[in-house]
Amino acid sequence: VHEQLHIAVDPDICVGSATCVGTAPHLFELVDGVARARRPAAAADPELDEAFAGCPVAAITADPAEGG
Amino acid sequence: MVTTERDDNLLTDEAVRDPYPLLDRLRETAPVHYNDRYRSWMLLRYEHVAPALKELRFRSDRITPFIENRLEADAPDDVVTTFRVLQGWMVFVDPPKHARLRKLVSRAFTPRAIAALEGRITEIVEELVGKLPREGEVDLVREFAYPLPAIVIAEMLGVPPEDRDLFKSWSDDLSALVFGELEDDARHTRAAASMVALVEYLEQLCHRYSAAPDDNIISALVQAREGGDALTQDEVIATCVLLLFGGHETTTSLIGNAVLALSHAPEVQRRARNSERVLRLAVEEAVRFDGPAKFVPRVIEEPFEFAGQAFEPGQRVLLSLAAANRDPRVYDDPETFRPERDSLQQHVGYGLGPHYCLGAPLARLEVRLALEALLGAYGHITAIDSDVSWAPVLLNRVIRTLPAEVAGVGRA
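Residue numbers (this note's numbering), protein chains in the order written: chain V, 168 to 235; chain F, 983 to 1394.
Rather than coming from a laboratory, the hints here were simulated on the basis of the structure. Backbone N, C-alpha and C fix where the C-beta goes; we use that ideal spot for every residue, glycine too. Heads up, a few of these hints could be off.
Claimed, not checked - Derived lysine to aspartate or glutamate pairs resembling DMTMM-like cross-links, with alpha carbons at most 20 Å apart:
(1) Lys1085(F) <-> Asp216(V)
(2) Lys1113(F) <-> Glu1354(F)
(3) Lys1085(F) <-> Glu170(V)
(4) Lys1085(F) <-> Asp230(V)
(5) Lys1113(F) <-> Asp1315(F)
(6) Lys1085(F) <-> Asp1197(F)
(7) Lys1113(F) <-> Asp1147(F)
(8) Lys1113(F) <-> Glu1125(F)
(9) Lys1113(F) <-> Glu1144(F)
(10) Lys1085(F) <-> Glu217(V)
(11) Lys1085(F) <-> Asp212(V)
(12) Lys1085(F) <-> Glu1258(F)
Unchecked claim - Computed spacing ranges between beta-carbons, pair by pair:
(13) Arg1172(F) <-> Asp212(V): 46 to 52 Å
(14) Lys1085(F) <-> Ala232(V): 24 to 30 Å
(15) His1362(F) <-> His173(V): 46 to 52 Å
(16) Arg206(V) <-> Arg1252(F): 35 to 41 Å
(17) Arg1007(F) <-> Asp177(V): 51 to 57 Å
(18) Ala1193(F) <-> Ala175(V): 40 to 46 Å
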């Protein structure tokens, strides 16, 4: 069973460094200079963890999804 | 292009001491203009600076065109060496190459990796504060804000403690080059000798950690070079020089400017002494209020329009972080140092976009620990304003001396 995580980037905090896009391009994209999750949920993986930990302003949240 | 006589000399004694009245005037009267004195466009309002920082057509590689167009064919070898190293700095590199460099280095600077350094940085801070006088006059730049970030970044890179002092002169010389004017030949020559010595020294460290890796950034870069995602030797050296330099003087200035701001706001000083929340906000507000960068430069490679103006290839653009961070359209009472602001609007003191300051998490931690230690050690810190001095450079706000009267005990 893979735990699903809700992934979100707070657009008010994001500074557009695109660190997450470089680390986990399958999960994040840059739109108009602000990062956003490509899909709302994903299984935990090392690149997600690195993107989460690597955000210079801690704009990324990755929380366990309901019933995950 | 219409040009008018403007009071726009940012290098007068008065403007070096306090650039904000002039930046305010330029922002309000000529928010987007071509500046004849500095042969550059200047953007000063938040509404233009913030999107321009994310606009990749404002390019960061201002070194390659300089080498191709401006550097004399018969320039001395050491001058050429300096510019070849600078060319590899990721601050001067544009995507996609930039992303590769940044990704390799960024692991050492994630908030998580930086948080793990808190204990060691606290030790360094306490060692330095322990050497300060209990009361009387002290230059808080020379005795504290200067050595702290130098020791931290040198340790992170893997520089042995006995070699720390070598970096002071090198960093000083390179600072004049990078934060000054690229057109000044005398600065090139002075920086060049230091750059050559520094490059040779770093090559030795690379060989040492290649043979016997340790827990430091040079080891990580060397291993990355030997792994799949390879850095060239030039890139490893260039990245080390950038980190050594970028992690040093900017943080010195941020600590110094923050202490100065607190000195002028005794009530904030008192609140920050008693509340970690206020202290953290004060660190962030210091970056907005009087951050280390007045301008960041960009160059135009292809023609395009921005803010209703036509930008042409070869033109230089100065984005004023300092002016944008005091834009009254964005911040209430912008000239007041007020950590507990209602507005959550992000400042642009660390930049925005792909060149957002890699070292921001480290700067936040170092400055917080530095202020916490000073506020804990002293009940009163009062800058001797007439003797505070800054380097006469255009781009950065480099504090050189911060004599202060210290007294009392901050916390029992």
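Evaluated hints:
1. Lys1085(F) <-> Asp216(V): Roughly 15 Å separates the two Cα atoms, so the pair holds.
2. Lys1113(F) <-> Glu1354(F): holds, 16 Å
3. Lys1085(F) <-> Glu170(V): violated, 27 Å
4. Lys1085(F) <-> Asp230(V): violated, 24 Å
5. Lys1113(F) <-> Asp1315(F): violated, 38 Å
6. Lys1085(F) <-> Asp1197(F): Judged against 20 Å, a Cα distance of about 18 Å means the pair holds.
7. Lys1113(F) <-> Asp1147(F): holds, 17 Å
8. Lys1113(F) <-> Glu1125(F): holds, 8 Å
9. Lys1113(F) <-> Glu1144(F): Roughly 19 Å between the alpha carbons, so the hint for Lys1113(F) and Glu1144(F) holds.
10. Lys1085(F) <-> Glu217(V): OK: Lys1085(F) and Glu217(V) at ~11 Å, within 20 Å.
11. Lys1085(F) <-> Asp212(V): Between Lys1085(F) and Asp212(V) the Cα gap is close to 18 Å, so the pair holds against 20 Å.
12. Lys1085(F) <-> Glu1258(F): violated, 32 Å
13. Arg1172(F) <-> Asp212(V): 46 to 52 Å: Holds: the Cβ-Cβ distance is about 50 Å, inside 46 to 52 Å.
14. Lys1085(F) <-> Ala232(V): 24 to 30 Å: holds, 28 Å
15. His1362(F) <-> His173(V): 46 to 52 Å: Holds, since His1362(F) and His173(V) (Cβ atoms, about 49 Å apart) stay within the stated range.
16. Arg206(V) <-> Arg1252(F): 35 to 41 Å: violated, 49 Å
17. Arg1007(F) <-> Asp177(V): 51 to 57 Å: Cβ of Arg1007(F) to Cβ of Asp177(V): about 36 Å, so the range 51 to 57 Å is violated.
18. Ala1193(F) <-> Ala175(V): 40 to 46 Å: holds, 45 Å
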